[in-house]
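For the sequence shown, this note's numbering begins at 1 and goes up steadily by one.
If you are wondering where the hints come from, they were derived from the structure by calculation, not from laboratory data. Just so it is clear, the structure is predicted and the values come from calculations on it, not from any experiment. Where a beta carbon is used, it is the ideal one built from N, C-alpha and C, also for glycine. Don't take each hint at face value.
Claimed, not checked - Each pair of labels, with its calculated beta carbon distance range:
1) G40 - P20: 26 to 34 Å
2) G32 - N8: 14 to 22 Å
3) R68 - A24: 26 to 34 Å
4) D18 - G40: 28 to 36 Å
5) R55 - E16: 12 to 20 Å
6) A38 - D18: 24 to 32 Å
7) D39 - D18: 16 to 24 Å
8) D39 - Y19: 15 to 23 Å
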Amino acid sequence: MDREIKLNELDAALAELDYPTDRAAAVDACEGVTLLLADGTEQLADVIADSGEDRFDSAADLASEVMRTLPQHAVGEPYQSEGEG
Numbered sequence: 001m002d003r004e005i006k007l008n009e010l011d012a013a014l015a016e017l018d019y020p021t022d023r024a025a026a027v028d029a030c031e032g033v034t035l036l037l038a039d040g041t042e043q044l045a046d047v048i049a050d051s052g053e054d055r056f057d058s059a060a061d062l063a064s065e066v067m068r069t070l071p072q073h074a075v076g077e078p079y080q081s082e083g084e085g
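Please construct the entire structure, taking both the sequences and the accompanying hints into account.
Here you go:
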């Protein structure tokens with residue numbers, strides 16, 4: 001699965017996995033996927049490996065855990081608006 005994805009493409013990429021899945025299987029499935037972030041890049045498999053969860057029941061569960069595991073500065077500034085006003 002060697003490719004680069006933007007953070008807004010994460011849900012679709014994770015939907016390609018079979019669920020439920022465990023952390024080791026998710027890490028294996030995401031090897032070679034690079035997340036393009038606000039402050040650089042992260043290897044998706046490494047982010048999942050750093051997760052505190054051992055099992056994911058859905059792509060939404062895994063995506064939520066990835067977002068929790070990423071450093072806050074990687075996804076943008078706190079309280080930043082997406083285009084109001």
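Each hint tested on the structure:
1. Checked against the given bound of 26 to 34 Å, the beta carbons of G40 and P20, roughly 31 Å apart, stay inside it.
2. About 19 Å separates the C-beta atoms of G32 and N8, a value consistent with the hinted range of 14 to 22 Å.
3. At about 19 Å, the beta-carbon gap between R68 and A24 misses the expected band of 26 to 34 Å.
4. Remark: the range hint 28 to 36 Å for D18 to G40 is upheld by a beta-carbon distance near 30 Å.
5. Checked against the hint of 12 to 20 Å, the C-beta distance between R55 and E16 comes to roughly 18 Å, which is consistent with it.
6. Separated by about 30 Å at the C-beta atoms, A38 and D18 satisfy the suggested range of 24 to 32 Å.
7. A C-beta distance of roughly 31 Å is found between D39 and D18, which places it outside the suggested range of 16 to 24 Å.
8. Under the hint 15 to 23 Å, the C-beta atoms of D39 and Y19, about 30 Å apart, miss the expected range.
The earlier numbered hints that this structure contradicts are 3, 7, 8.
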